[in-house]
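S.K.: Residue strings, one per chain:
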Amino acid sequence: MAGVRQVALARTVGISAAYLNLIEHNKRRIGGKLLTDIAEALGVEAGVLAEGAEAGLVADLREAAAGLPGVAVETARAEEFAGRFVGWAGLIVAQAQRIAGLERTVEGLTDRMAHDPHLAASLHDVLTTVTAINSTASILVDTDEIEEEWRDRFHRNIHEDSQRLAESSQALVAYFDTAAEAEASAGSPQEELERWLAARDYHVAGLETVEPGSAVDLPDAAAQIGSASGQVLTKRFLRRYRGDAQAMPLAEFTARAEAQGYDPLALAAGFGTDPAAVLRRIAALPTPRGAGAIGLVICDGSGTLTFRKPIDGFALPRFGAACPLWPLYQALGRVTAPVRAVVEMSGRERTRFLTYAVAQPVAVTGFDAPSVIEATMLMLPVDRVAVPDLPVLQIGTSCRICPQHDCPARREPSILAEEA
Amino acid sequence: MRKRVLLIEDEPNIIQAISFILSRDGWTVDTHADGQTAVAEVARRTPDIVILDVMLPNRSGFDILADLRADEATRALPVLMLTARGQKRDRELAERFGASRFMTKPFSNAEVLDCVRELTGS
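If you read the sequences in order, they're chains A and B. Using this note's numbering, read the first sequence as starting at 1 and increasing by one per residue. Using this note's numbering, read the second sequence as starting at 1 and increasing by one per residue.
In case anyone wonders, no lab produced these hints; they're calculated from the structure. Note that the Cβ used here is the ideal one computed from N, Cα and C, for glycine as well. Careful: at least some of the hints might be erroneous.
[Claimed, not checked] The calculated SDA-like cross-link candidates involving lysine to any residue, where the alpha carbons are at most 20 Å apart (straight line), are:
1) Lys-88(B) with Lys-235(A)
2) Lys-88(B) with Leu-123(A)
3) Lys-3(B) with Arg-44(B)
4) Lys-88(B) with Leu-119(A)
5) Lys-235(A) with Gln-190(A)
6) Lys-3(B) with Phe-97(B)
7) Lys-88(B) with Asp-263(A)
8) Lys-235(A) with Pro-189(A)
9) Lys-3(B) with Thr-31(B)
10) Lys-88(B) with Gln-190(A)
11) Lys-3(B) with Thr-74(B)
12) Lys-88(B) with Pro-189(A)
13) Lys-3(B) with Leu-113(B)
14) Lys-235(A) with Ile-298(A)
15) Lys-3(B) with Arg-24(B)
[Stated by the list, open to error] Covered stretches of chain B (in silico footprint by chain A; criterion: 3 or more residues with CB under 8 Å from a CB of chain A, positions within the stretch not fixed):
16) 14-24
17) 100-109
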């Protein structure tokens with residue numbers, strides 16, 4: 001529903017078009033008479049509208065099911081389950097996310113145990129000292145007649161070793177305290193940054209008027225981002241954000257972006273910046289009231305998603321690899337050549353987006369050095385832009401929860417019934 | 001004639017403790033703390049058994065063992081390996097390189113003594 005029809009519908013049911021837009025994008029939950037009125041005006045069952053509101057929950061449920069492929073889950077009935085038991089479905093999703101967080105923590109600790117040279121050296125030191133004390137103490141206890149000179153020497157050795165053991169133990173405790181602190185915040189450093197940004201709708205107002213060259217401080221993030229790695233990522237993100245904001249000042253950029261229909265290449269030419277910076281800048285604009293949010297994903301040369309600004313209808317995988325058909329990855333295959341595509345997410349809702357993607361070197365690393373590439377993709381809801389007449393590209397989230405039939409890029413079978 | 005043991009270990013207090021218990025048992029104990037020159041020391045001392053630590057300064061005990069097994073003169077020499085790392089991988093490496101026995105720290109004096117006697121048929 002778009003344009004005149006949306007306005008007419010809002011008038012029919014007695015709400016503003018902006019409020020209807022929020023409902024449509026699942027930003028407001030409705031029920032009761034308003035739900036019935038809207039359904040009646042559209043000529044559909046109220047249940048169909050309510051199911052739409054649970055789309056995010058259904059995608060998360062499917063992801064939870066994909067995590068335990070050995071369990072026979074009725075994935076085809078996920079929507080029905082989410083619709084009938086919202087609370088239980090929410091609990092399953094929350095538990096799956098909690099398990100994933102704990103698994104990451106275990107993985108991190110295992111990795112630390114196996115590969116941390118400081119820990120290995122400390123434990124080696126402790127064991128060696130314990131061996132020396134144990135061996136020496138046994139001699140003193142088990143030997144009936146021992147020369148005074150040897151006895152004194154062994155006493156001295158035990159004294160030295162016990163001091164050394166105390167120091168090694170203290171160092172280990174201090175080490176684990178620091179490690180525990182780093183693990184205190186649930187989720188990966190990337191998720192910490194994303195949570196922090198989501199609370200600000202991905203717009204950092206405090207950096208829009210910062211003078212060039214001034215330091216980036218983290219007044220809020222310092223308190224809210226627990227891990228040191230999370231703070232490093234946040235600082236890196238904010239430095240880049242500040243650079244983008246200085247190159248493309250908010251008021252001027254907003255005006256031109258709207259006038260030029262969010263055309264990244266025209267904006268890049270106008271501001272003298274690179275296209276990727278423009279894509280980031282568009283995604284950082286405040287979302288106008290009633291309008292759909294604009295999404296952004298960034299990946300490195302390995303295809304790993306390093307930044308995610310999620311939007312309704314474009315499900316992003318929390319872990320693991322995304323759909324290789326995303327224009328993001330098409331761009332990665334032809335560095336510096338921009339990619340434009342209209343995409344449609346497979347699944348029940350089939351939401352469409354206009355996407356722009358570009359891959360470019362992050363830095364010049366020198367002759368004979370490996371190139372460091374980063375790809376960026378912007379996802380614009382089709383009701384916010386003029387959609388070019390292009391073939392619609394069918395894409396998914398990730399193979400395991402994608403129903404797309406006969407996909408040439410499929411890595412593994414889907415756990416869902418495939419769609420023709 | 002007293003049998004000779006060469007203890008290749010860099011931890012001074014462990015050296016003293018093991019030297020003491022083996023001497024009391026009638027062994028002549030030579031000690032060496034450097035990995036780089038350990039193989040030459042074995043050739044010079046011609047011991048009846050070597051007690052070899054894995055983590056030594058300048059060279060790993062596994063590399064020293066490999067050299068000993070590659071030399072005809074020391075191919076059959078009993079070697080007891082000591083390590084603070086009891087992981088499966090270390091145990092497998094010790095077996096692959098031909099250690100006669102593998103012992104993880106902390107070990108007891110009696111264990112070391114029994115093992116040395118057993119490996120030399122004493």
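S.K.: With reference to the structure, classify each hint as holding or not holding.
M.R.: Results for each hint:
no.	hint	in the structure
1	Lys-88(B) with Lys-235(A)	42 Å, violated
2	Lys-88(B) with Leu-123(A)	16 Å, holds
3	Lys-3(B) with Arg-44(B)	15 Å, holds
4	Lys-88(B) with Leu-119(A)	18 Å, holds
5	Lys-235(A) with Gln-190(A)	12 Å, holds
6	Lys-3(B) with Phe-97(B)	25 Å, violated
7	Lys-88(B) with Asp-263(A)	59 Å, violated
8	Lys-235(A) with Pro-189(A)	12 Å, holds
9	Lys-3(B) with Thr-31(B)	14 Å, holds
10	Lys-88(B) with Gln-190(A)	35 Å, violated
11	Lys-3(B) with Thr-74(B)	16 Å, holds
12	Lys-88(B) with Pro-189(A)	33 Å, violated
13	Lys-3(B) with Leu-113(B)	13 Å, holds
14	Lys-235(A) with Ile-298(A)	17 Å, holds
15	Lys-3(B) with Arg-24(B)	12 Å, holds
16	14-24	holds (count 7)
17	100-109	holds (count 5)
In this structure, the earlier hints numbered 1, 6, 7, 10 and 12 are contradicted, and the remaining ones agree with it.
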